[in-house]
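Visitor: Taken in sequence, the protein lines are chains L and H.
Be aware that the first sequence starts at 71, since it is given in the working numbering, and climbs by one per residue.
Be aware that the second sequence starts at 71, since it is given in the working numbering, and climbs by one per residue.
Careful, some of the hints might be misleading.
Note: identical chains are not told apart, hence a pair may lie in one copy or across any two.
[Claimed, not checked] Calculated cross-link-like contacts (lysine to any residue; reagent style SDA-like; alpha-carbon spacing at most 20 Å):
no., residue 1, residue 2
1, K329, G211
2, K427, V372
3, K96, L382
4, K388, D433
5, K387, R94
6, K388, A428
7, K264, E231
8, K388, A432
9, K388, D406
10, K387, K427
11, K389, R431
12, K250, N161
13, K219, D344
Simulated from the structure, these hints should not be mistaken for laboratory data.
Small disclaimer: the values here were computed from a predicted structure and weren't measured.
There are 2 protein chains.
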Amino acid sequence: MSERAPWAVIMAGGSGTRFWPASRSKRPKQLLPLGPDPEESLLAATVRRIRPLVPAERVVVVTGAALAEATRAAVPELLPENVLLEPVGRNTAPCIAWAAAHVARRDPEAVIAVLPSDHTIGDEEGFRGVLARALASAREGTVTTVGIKPTRPETGYGYVETGAAASASGVLSVVRFVEKPDLERAKAYLEGGKHLWNAGMFFFRADAMRALVGRHLPELAAGVERIDRAASGPDAARVLAEVFPTLPSVSIDHGVMEKADRLAVVPGDFGWNDVGSWQSAWELADKDPAGNAARNADVTFVDARGNLVHDLTSGAKKKLFAVVGVEDVVVVETDDAVLVIKRDRAQDVRAAVEAIKARGRADVL
Amino acid sequence: MSERAPWAVIMAGGSGTRFWPASRSKRPKQLLPLGPDPEESLLAATVRRIRPLVPAERVVVVTGAALAEATRAAVPELLPENVLLEPVGRNTAPCIAWAAAHVARRDPEAVIAVLPSDHTIGDEEGFRGVLARALASAREGTVTTVGIKPTRPETGYGYVETGAAASASGVLSVVRFVEKPDLERAKAYLEGGKHLWNAGMFFFRADAMRALVGRHLPELAAGVERIDRAASGPDAARVLAEVFPTLPSVSIDHGVMEKADRLAVVPGDFGWNDVGSWQSAWELADKDPAGNAARNADVTFVDARGNLVHDLTSGAKKKLFAVVGVEDVVVVETDDAVLVIKRDRAQDVRAAVEAIKARGRADVL
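Isolated chain L (complex conformation) (with noise of 0.2 Å):
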């Protein structure tokens, strides 16, 4: 690879619980295997898609320190170095900036993609384009976004609006971001196709980076910098463990990028799809013609539509499933736990995991 190949900062951070019983705190949403493939964890597919652009030496991974050996166990071809473990979780800004003066040491020009591990894109070929137009943006200095054409008034994502076409092909400028609509105005966006997902992407150069969170959060800039001094030395796990819990704990969509005069962003339709529940894991997976799923899953199906069979569990034989005059549900099965829901009610899985917090069962959450 030449020496202007660029950096990926992966966020594998996070805690949902939108995926139980597959997920656990031990084992969030990104290390599940929710996409095509499964046998490939979230995470995995997010370093793979990347790979022909992006060396897997110049590849850090951001999560939290419960979960260091999971991660490693991902993503086999990470450097140790490269796996930065959060005390504790601070939101985006604080995990960015860390990561940015992590490769800025190592290499102080580095272009960087910070890209989340927890979606699925079905063009993956697509996404490389848009990847590579978003990484030529930032190598001239403008801080630059992905923004996904919407299909639907989603109501529950973030906005990026677009305004006059940059000076790249395909890169346009933004206007602002916007936080989550209500439903009128984010059928008013959809309409107005000015307006695209916020899809947490972002593209910078290390220096560019820096400079922003240094003008607008002074504090984190100090904080990251004191981390960063100590890292190469003997005192870096007691500093970090003492000066990470005490950053600001802000996105940076709203610390930084919503403060940034001038910023860029690529219009993508790839298929992304940020997989948000047991109800997207549906729509994503392989169906027969009665639309019904088996994922690692032995099932019989009779009579039976829309259903999706998860089956997680480690044990060498899988039990035979039958699901029999039954519409519309989801069964996930793991070691210790058995969820049955209703496909439209996926949401209402925190509903469960509460009740069941309330047994005091947390050693199946």
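Given the structure of chain L, go ahead and fit chain H onto it with the hints provided.
Guide: Relative to chain L, chain H alone:
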């Protein structure tokens, strides 16, 4: 116990698939805990229920050779000699004639209650009262049965048409045995008030049954005599294996009862349920106010109604179940299979079993 205590012959063969995946070729329905006590098999409940009337050493269980071990484990108080193992199933007449001969050799004056082992009884005290009346009638030499007062126009059962009152109180004469009727006739039976469900319980003196079989099924009588003569000698197993498969495969109803001159019936109303499907299992189970039942299972129900979760796994640590937004579904988990079935489709378990067989997975059947 006095010498005049009755004997019980409990029919515990069969290999139903209606309770798959709980029921298996080696664990048929009567060995499952489908009654009110989630720890007690239907067979064990059948024996326990009659123990105030029948001493343990007078209980005989007839089952298939393949079920010997499981049957002894389910009812450890049985004398080893009182577990009769059919080399093959030949319907109820050979089973009852053989068991009657076995009992008569020990107690020529024996009065015998023949009972199925795959139903539940809600009012056990009331049942024993009916049993005592039927045994008293049998002791006088009359073959007697128990008829259940119908509560619906059931087309799945045989009926007993009652006539005039017999001598003893609470005992009626039998006009005839009727095979499963169509719906119209079943409705007429229900309205007419003369017909009772045939619950497959028979009461007789050993000598009376021997005479009836000799008259109506002479071939069976001869075969049973050969088996019984050899029973205490060194050739017992060989003769049984040779002769039993040649016995006429006929039901006691058809081969004997329908042809007998003088039969009595004791009407009973003691919460009898033949537990015909997972639907019946749900009906019988203790339910929360939303109609959800958890049997041997740790279940969190969230906005769920009318469901049954039955955990029959053998591991020390049970899985935790969560059922969210689902209605009228039965979930059954065993060590190697999981069934999810709409309750009103319980009859279609058979279709699932057939489909699994067609896929070459007889290992889970």
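Visitor: Can you name, in rising order, the numbers of the hints this structure does not satisfy?
Guide: Failing hints: none at all.
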